Amino acid sequence: MSASIARHAENENDRLLPDMTQLLDGIHRVALEEDKRTGDIILWTDTAASLRRLAWGVGISATSGLLFGIMTGMFPLFRSSFAPPVAILSLIPPMAILPILFVMCGLGEVSKVVLIVLGIAPVIIRDMQGRVQDLPHEQLIKAQSLGASSWQIAVRVVLPQVLPRLLDALRLSLGAAWLFLISAEAIAAEDGLGYRIFLLRRYLAMDVILPYVAWITLLAWLMDRSLRALHRWAFPWLRSTDDAGDAP
Amino acid sequence: MSFISIKHLWKEYGNRVVLENISLDIAQGEFVSIVGASGCGKTTFFKMLLGEEKPSRGEMLLHGKRWPLEPDADRGVVFQRYSVFPHLTAIQNVVLGLEFRDAKWTTRLLGRKKNAAMEQAQTMLEAVGLGNNSHKYPHQLSGGMQQRLALAQSLIREPEILLLDEPFGALDPGIKADMHALLISLWQEKQFSVFMVTHDIQEGFALGTRLLVFDRVRNDPHEPDAYGAKIAYDIPLKQRRKWNPA
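Chains as they are written, first to last, in the numbering used here: chain A, 14 to 261; chain B, 53 to 298.
Since the hints were made in silico from the structure, they are not lab data. The structure presented is a predicted model; accordingly, all values stated were derived computationally and were not measured. Misleading hints may appear alongside valid ones.
So the derived label-pair ranges between C-beta atoms look like this [to be verified]:
#, chain 1, residue 1, chain 2, residue 2, range
1, B, His274, A, Pro173, 44 to 54 Å
2, B, Ala89, A, Trp234, 51 to 61 Å
3, A, Leu172, B, Gly183, 28 to 38 Å
4, B, His251, A, Pro173, 26 to 36 Å
5, A, Trp246, B, Ser75, 49 to 59 Å
6, A, Ile101, B, Pro225, 47 to 57 Å
7, B, Lys242, A, Leu90, 37 to 47 Å
8, B, Leu162, A, Leu90, 26 to 36 Å
9, A, Pro98, B, His115, 44 to 54 Å
10, A, Leu172, B, Glu210, 23 to 33 Å
11, A, Pro89, B, Leu162, 30 to 40 Å
12, A, Leu172, B, Ala222, 23 to 33 Å
Backbone N, C-alpha and C define an ideal beta-carbon position, used for all residues, glycine too.
Whenever a hint applies, use it, and build me the whole structure from the sequences.
So, in structure tokens, the structure goes:
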């Protein structure tokens, strides 16, 4: 703030460290006024585009994490054939194959979603697999002695007990998901929060970039909060258990 | 033909002999207590009864047929810990066995069937003294209550054999005595056979109709793994409590 004041004392139109009026003006321009060219309000279209990509990426990652995590965790045969490729996949830096994705999937939505999935799904799969393997062996024997099939064990015993962990894993990978989203948008997109930031960088438009960063932070914080609230609300049986571990 | 018949049973892991040449006949309705020092194969024997481990040599027959290869609903089990599912309430834990039986693919019962199952489960919970705690989660129940719940859960499918692995090992003496009384009355009422592994010899004597003591009879100090455990003593105990199978 004081640096901003110092700079503005020398140059009233300094753009690098905007003062309050410039910031408010910037916010007003992107959040409340319609864009002259398209008639949309930029902040909302950007937010909607980014959140849609994020939701697809995180949703696909969560589903595949659950599916493959439970399969590899429960069935040794599946694990021995599936875990090594997942382990190798998780070692590839996703950003390094972004160009390949652009070539293979085009510059549209798919490549951005795939980037997020490649970035976070392997970690979630491995986390889920670990959690399934951590379940006490006695529980599986017990379920079998109640006449359960593998399907019934997966649905009634394993799935409900790894869901809390899935929410935890999602919370932890949201940061990475944002990182991949913004990177992909920065490189090739027509809208999105990351796209806007990197577009405006060319004009040194700090009066919009700073509010955008704050807005992204707020969104990420809200997601984290709501996942935590969901965790508490959905799993009352986790409260103060010592056996189940993993209290939030 | 006897109910359970075990002939020349061996269990080896590589060169290590765990159980050697065990032969046994067990009548239906027997309450068999299994005691022995740790590492003398009673847990291995228990796992074979459960169907988790297979014998290396010899035969195990149930009703004259080959022993089932996997745990199933004919043999209920209660472990010392982790016997109940932490994510289900007491009554859900008990209903689960019925849902496994009647809802093969949906895995959940609905409507009238569900109500009937819930009623049956509630009766079972009342039988073990948990009638008022049916909607609590296991972590809200004491250790003794959790084991009561585990018993109710195992018995809902009416197994003909109940396998107990140190079921009361973690409980206070007073609660243990209550649990003994409960187990005996359930055993008499529902007429199943019991195998109970315990390291409390008194408990073994007090509850069983037959006591098996596992021990390594032969021992080679130069090669401690060369000989496995056998049944050192097979003691028939008081018969008066035994129910008469039809």
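**In rising order, the numbers of the hints this structure does not comply with** = none
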